[in-house]
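Visitor: Just so you know, the sequences run in chain order G and L.
According to the numbering used here, the first sequence holds residues 1 to 470 in order.
According to the numbering used here, the second sequence holds residues 1 to 470 in order.
Don't take every hint at face value.
These stretches of chain L come out as covered by chain G in the derived footprint (C-beta under 8 angstroms, 3 or more residues) [what the hints assert, rightly or not]:
{"no.": "1", "region": "72 to 86"}
{"no.": "2", "region": "90 to 102"}
{"no.": "3", "region": "118 to 129"}
{"no.": "4", "region": "251 to 261"}
{"no.": "5", "region": "354 to 365"}
{"no.": "6", "region": "369 to 380"}
{"no.": "7", "region": "414 to 425"}
It should be emphasised that the hints constitute simulated quantities derived from the structure, not laboratory data.
Ideal placement from N, C-alpha and C gives every residue a C-beta, glycine not left out.
Residue-level listing of the chains:
2 protein chains.
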Amino acid sequence: MAAAMSPMARDPKAIETAIASLAAKFGNRLVTSRAVREQHGNTVTWIENQPPDAVIYPQATEDVQEIVRICAANRVPIIPFGQGSSLEGHVNAPYGGVSIDFRDMNKVLAVHAEDLDCVIQPGITRKALNEYLRDQGVFFPIDPGADASLGGMAATRCSGTNAVRYGTMKDNVLALKVVTPSGELMQTARRAKKSSAGYDLTRLMVGSEGTLGVITELTLKLSGIPEAISGGTCPFPSVDACCNAAIMTIQTGIPVARIELLDALQVRAVNLYSKLALAETPMLFLEFHGTPAGVAEQSERFAEIAAEFGGGPFQWTTQPEDRTKLWEARHNAAFSTFTLRPGAKMIATDVCVPISRLAECVAETQRDIEATKLIAPIVGHVGDGNFHLTLLIDTADPAEVVAAKAFNERLVERALAMDGTCTGEHGVGQGKMKYLLAEHGLPALEAMRAIKRALDPDNIMNPGKVLLPG
Amino acid sequence: MAAAMSPMARDPKAIETAIASLAAKFGNRLVTSRAVREQHGNTVTWIENQPPDAVIYPQATEDVQEIVRICAANRVPIIPFGQGSSLEGHVNAPYGGVSIDFRDMNKVLAVHAEDLDCVIQPGITRKALNEYLRDQGVFFPIDPGADASLGGMAATRCSGTNAVRYGTMKDNVLALKVVTPSGELMQTARRAKKSSAGYDLTRLMVGSEGTLGVITELTLKLSGIPEAISGGTCPFPSVDACCNAAIMTIQTGIPVARIELLDALQVRAVNLYSKLALAETPMLFLEFHGTPAGVAEQSERFAEIAAEFGGGPFQWTTQPEDRTKLWEARHNAAFSTFTLRPGAKMIATDVCVPISRLAECVAETQRDIEATKLIAPIVGHVGDGNFHLTLLIDTADPAEVVAAKAFNERLVERALAMDGTCTGEHGVGQGKMKYLLAEHGLPALEAMRAIKRALDPDNIMNPGKVLLPG
Chain G
1 MAAAMSPMAR DPKAIETAIA SLAAKFGNRL VTSRAVREQH GNTVTWIENQ
51 PPDAVIYPQA TEDVQEIVRI CAANRVPIIP FGQGSSLEGH VNAPYGGVSI
101 DFRDMNKVLA VHAEDLDCVI QPGITRKALN EYLRDQGVFF PIDPGADASL
151 GGMAATRCSG TNAVRYGTMK DNVLALKVVT PSGELMQTAR RAKKSSAGYD
201 LTRLMVGSEG TLGVITELTL KLSGIPEAIS GGTCPFPSVD ACCNAAIMTI
251 QTGIPVARIE LLDALQVRAV NLYSKLALAE TPMLFLEFHG TPAGVAEQSE
301 RFAEIAAEFG GGPFQWTTQP EDRTKLWEAR HNAAFSTFTL RPGAKMIATD
351 VCVPISRLAE CVAETQRDIE ATKLIAPIVG HVGDGNFHLT LLIDTADPAE
401 VVAAKAFNER LVERALAMDG TCTGEHGVGQ GKMKYLLAEH GLPALEAMRA
451 IKRALDPDNI MNPGKVLLPG
Chain L
1 MAAAMSPMAR DPKAIETAIA SLAAKFGNRL VTSRAVREQH GNTVTWIENQ
51 PPDAVIYPQA TEDVQEIVRI CAANRVPIIP FGQGSSLEGH VNAPYGGVSI
101 DFRDMNKVLA VHAEDLDCVI QPGITRKALN EYLRDQGVFF PIDPGADASL
151 GGMAATRCSG TNAVRYGTMK DNVLALKVVT PSGELMQTAR RAKKSSAGYD
201 LTRLMVGSEG TLGVITELTL KLSGIPEAIS GGTCPFPSVD ACCNAAIMTI
251 QTGIPVARIE LLDALQVRAV NLYSKLALAE TPMLFLEFHG TPAGVAEQSE
301 RFAEIAAEFG GGPFQWTTQP EDRTKLWEAR HNAAFSTFTL RPGAKMIATD
351 VCVPISRLAE CVAETQRDIE ATKLIAPIVG HVGDGNFHLT LLIDTADPAE
401 VVAAKAFNER LVERALAMDG TCTGEHGVGQ GKMKYLLAEH GLPALEAMRA
451 IKRALDPDNI MNPGKVLLPG
């Protein structure tokens, strides 16, 4: 067996041979210009840009199989690429290789409205998919901040604001087609809503970040567009009060669709960027899905809970325009933070803790921000215990970068000490590899490494991501 | 690497050595009497009893580690055992070895009501767990027919009548402690509600049927006990009408908690066994969870849908006694079938198809039953497309056994042809191994085998289950 997890040496000769073969087969769908290659290295993080040696644009699963076979024959790394919106260096090419860009594989192949599922190619984005689905009365609920590709969303096991009600990608992918490291086509499951037939390859691939194979087709679970939606904002005297109201809402069994925390600084950024006039105090953004009577009842019950914790008034509406404006503001929350420090680099953090520890974790983190003198507003998927800080960094100031990185380390350690995870939804990529041992312990990490070696013995699938060499 | 998936030869000398070591360590918690060993071979199926060489009763995770280390040193098979209620030969010992019975590891270790989770040992049964949880306002929703152990339920990725609303075991296990084949203790995840930190070992272990390690602790997601529950029965003119009403109910977004199909013959058995007087026609049993106003609204909306398909009246109630009686009757459905043919052996089938194909699959299956002259009532978790026939067989009549087995083969082929699965919730065990190639195709099956070899190179973990030798 190859020493799979040991660092790969970049092999210029092998790469040259593979690129020549790919060019012969794919012509101008293979691109090696510096600009395009650099666009395909990750820049949405503080990890340096590590461009691939070439970028290729397949049009069908068979193309991907051919690409993988050529790369495998030359032991050349393969890096799947969707929209490039991942946050931990997932699409960088630390050992060179070929970036497979799914731009041209963005079709909806089938919608089975009766079964509440659809079959798609990996390059389609979440907004384009929902645009396509809208007139059939169904939607796909997972909504990360970026308009990411569905292939990338599956690869990182992402989620978003709807996860408290609809789950994450692991709950909404029914089956995958995956090109294996030897170029074979694997179907991980069938279209039945549930199965006990063998190991759960679907869930193994979801979140494996392209390190076990290349996703070329997804069967997704859909949800019916709710008959009625109500939503609104509710100010609170403290982050603690926000968290406690969220806990009680969920414990009471209110099937809240979205329950999002913004700290006072984040509200200020949202006001500045989205031209809103929200009270600049810790706040929950909420949404309820159901029947007209149901969403009214849920909204009223939540308002009562909020009042118990000193929050309110809960201003809610069922008007689509008002809700859309609000949630656009929420989705732009990370981007809006640049208003707080124009020109700064935005770095996203992503820990997740049991919800009972959330208030404490956020409070300690806020004290840490203050002590470190960072500018870092907070948004949280509070129903899941997951929160992000957007660190606004002057990357030209080495001392500030060092301080910010040390802050992020403390944040991860704090989350782990509270039985949490170093990443709730962004994934490991290059940025979080060093935390996996502390999070999972050696036996689990060794199991992951054994699986990686078993399925990708030559370590050609997105090497240098997820698992540090053992 | 050991030729892991090749059939193991039973090695009497190694087994003798291991048993002597185990006896020295565990005294009378190791039992080798014939009666106890035979009780631990599977008898809830038509697969022959294959007793282990010994049964051992650990009291702690450390005991399990010690047992596994002794067995591993001697390459002796290990078969985890919960309640023995699995239906496909999961607990048989085709190559001998040691059955680990979790009878004494049945504690609730922690309940975190704020986080809606609990930590338990694998031997506790679903009824005992819910008894324990009741006064804390939370419950664990997964309800297979039997009062199974939670460890076994996780191992088979089981579900039950609530899955349409609450998901299956894959959706309700947050984390596991697993003793690996080398006796190390692996924690698959932390208590955070979601994570993107590496490969999803939790979901890999759920449904792996003891072939990758031994579960010794489970962290389960809990749900709040609904404020109000309504439930009832609704007769329909045909199975087809039942299925179409179920499809529309789910598409409309009614968050039905249970929607169960019984065919006319099954209703007759339920009437006989549970002393009910239901109309002996295809019928849906339903339950709705929510607020008092919410469940009333859901019930009324369902009644309208039922009427559209010629069904009704939908008789529903929120009275706990009436509901309990109804769902006890439903849970006893399989057992009640013996009234249709006293003395017969009951064999359970378990296919699952996309819901849009369910009516067609059931109708073809009913024609097949008629042609084969079998007695086989049907119950279905119709919201998931999953249905069971209880075949009532005179096992002393070889021709009938042959006919029944051939019928089951056709049933599986029919489900696979409709993009379904050979098992929706019972698992593979010994009985369904031969269907996995047709269901998954060779690349997926080879990936499963590679994972098995990587994690259990000596094939000591429940050998002869799930994966046929390659």
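Visitor: With reference to the structure, classify each hint as holding or not holding.
Guide: Against the structure, the hints:
no., hint, result
1, 72 to 86, "violated (count 0)"
2, 90 to 102, "violated (count 0)"
3, 118 to 129, "violated (count 0)"
4, 251 to 261, "holds (count 4)"
5, 354 to 365, "holds (count 3)"
6, 369 to 380, "violated (count 0)"
7, 414 to 425, "holds (count 9)"
Of the numbered hints given earlier, the model fails hints 1, 2, 3, 6; all others are met.
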